[in-house]
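Residue numbers (this note's numbering), protein chains in the order written: chain A, 1333 to 1497; chain B, 258 to 670.
Errors might be hidden in some of the hints.
[To be verified] Label pairs and their computed distance ranges (CB to CB): (1) A:Ser1455 - B:His393: 52 to 62 angstroms; (2) B:Glu629 - A:Asp1466: 14 to 24 angstroms; (3) B:Ser320 - A:Pro1436: 29 to 39 angstroms.
[Stated by the list, open to error] Which residues of chain B face chain A? A partial, calculated answer using Cβ under 7 angstroms: (4) Ala500; (5) Ser547; (6) Ser551; (7) Asp665.
These are calculated hints, taken from the structure and not from any lab test. Note that beta-carbon positions come from the ideal geometry of N, C-alpha and C, so glycine has one too.
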Amino acid sequence: MKRIVINPQACNGCGICQLVCSACKAGQWHPAFSRIKIKQMREYNINVPVVCQHCSQPPCETFCVMNLIYQEPLEGYVLRREERCIGCRACEIACPFSAAVFDPIKEAVVSCDLCGGNPACVSNCPEGALFYMDEEQTADSKRRQTSRLKLIPSSAAGLSRRASL
Amino acid sequence: MRIMIVGNGAAGNQAAASLRKYDSQCEIVMVDRESYMAYSACALPDVLAGWIPLGKTFLQQESDYSGLNIRTCFGQEVNEINLENQYLETGEEKYYYDRLILATGSKPVIPPLPGSQLPGNFVVKSPADIEQILLHKPRKVVVVGAGNIGVETAAAMNNRGCTVYLMEMQDRIMPLLYDPKPAAIIRSMLEKEGIQISTSQRATRVIGEQQVEGLLTEEQTLTCDTVIWAAGVRQNTELAQKAGLKIGSLGGIEVDKYMQTSHRWVYACGDCVQTSQVFTGKPALSLLWSSAKSQAEAAALNCLGQAVKYEGSCSLVIEEITGVPCAAIGLNLQGLQDYEVKVIEHHDADRYYRLLTVDDRIAGFQCIGSIEGAGAIFNLIRKGTTLSEVRRMLLNPQLISSMAWYIDGAKYL
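The whole structure should be built from the sequences, with the hints applied where relevant.
This is the structure in structure tokens:
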């Protein structure tokens, strides 16, 4: 049950993960093709990479009119039979994370498939903001991360972003 | 345990799949009147337009059913359900059940006007309808009803090179989804494509002797060789009615929050039921693919003895008109008549959106041009999150960075 885990405090918004993803999955060198997206909030100096969360009850699965999104039974990954997609984009709008991306070359909506177990964005992140880890480990590290943040006054939180995981 | 499912649409198939996902032992039998494999009704206008082949709309093959160990009895019409002794009868066989799931769906309405039975009158509901329309080789088409199916069908026929005339009884197109202003924007987009639209018009009769030659409305006569009726659907409740199940005020089978009908071992889901709207809590019909699927999942889990509530329906309709995505989420002003509604609106050259709020909650959202962030709004509506709660979250940089999807929704609030 490994997932991509994000530490938004460490992300500086360089966008390398987007370029790597577009190159690996679509053969293009453009963030529009990327399945991982960096959301930015300038006023708080926040950069948050967002990618498919592989939900346990995926809304995209419910909204797909072609029934092509399915949960892989063993690990619970949310995967797609892309060749069947008609590009209606219903899943794109149902996803709260906007993690489904329309690929104009394939004429299909695609989402993160974790590169089959070795996500390229994680191995290429220079800031160490992306991790690929087990669920149990995730909960543990998130707790540590939050407890560290509690010690920092909220006004200064934006400055010390480099809290290591 | 033997669970029978009547119907092979979105709801029936989702119910079967969910049952099998959580219980590998139970016996699942599906009965349906049609002998088709399951198809996606939402993809049919795309077939009409010629964007995808008809074969692509079929979702499952014979082997998919047998792979899940589901027995299929297609092409058999259920004549009678005996609730007392728990069996149902088709013309050929008698099936006993422990739990029954009704997913009988809906059928399109053709108003009983003179001439509406002539060859040349069509509906868009099943692959057979599409085949018939294509065989008819239409040149001049009148689409009656400008709901989302009417609009999609009109755009599809226009793409085929037909002359298309779209007619609507109410004063704007897609009256149940959009408010007057966005409806007017979509209308002008369609008119730019060459579709002629008239609203506040009612068809009175179809002209023609051997086949359709025209359509008479209250104001004018339209010459055409094809009439496509997209004037709404009616729930298939005859079977349930005959068996003695309670029918609701809106004409759907009445179910409680657990998708259970008035009889203990009978559940219902899909187009044929009436549930409640997630925002108002009032009874509502939701004739959407996604509602059918989530209702079916709830019904299946309740069949297996888990108490799972269906949260209520929240509509989400998206269509692409001339390459511009448009989406309508939740209710519009017409659906919120009894409430005091505040409107947040934005319009510029390449996008339009409108957010409807009641008290402290979001009730509806309509956007044209860009659907970015609409997913965040949709989930806020579905969960009933208050606006003040969202604003509180947005003020705290630590919270917001761990709930990134709020960032997308933030630009609308």
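Would the hint on aspartate 665 of chain B be counted as holding, given a Cβ-Cβ threshold of 7 angstroms to chain A? holds, 6 angstroms
Holds or violated: 14 to 24 angstroms for the Cβ distance of glutamate 629 of chain B and aspartate 1466 of chain A? violated, 32 angstroms
Checking hints one by one. Is serine 547 of chain B an interface residue toward chain A, by the C-beta closer than 7 angstroms rule? holds, 5 angstroms
Taking 7 angstroms as the limit, does the beta-carbon of alanine 500 of chain B come near enough to a beta-carbon in chain A? violated, 29 angstroms
Does the Cβ-Cβ separation between serine 320 of chain B and proline 1436 of chain A fall within 29 to 39 angstroms? holds, 33 angstroms
Could you see if the CB distance from serine 1455 of chain A to histidine 393 of chain B stays within 52 to 62 angstroms? holds, 57 angstroms
How about serine 551 of chain B: closest beta carbon in chain A under 7 angstroms, or not? holds, 5 angstroms
Checked against the numbered hints above, the structure violates hints 2, 4; every other hint is satisfied.
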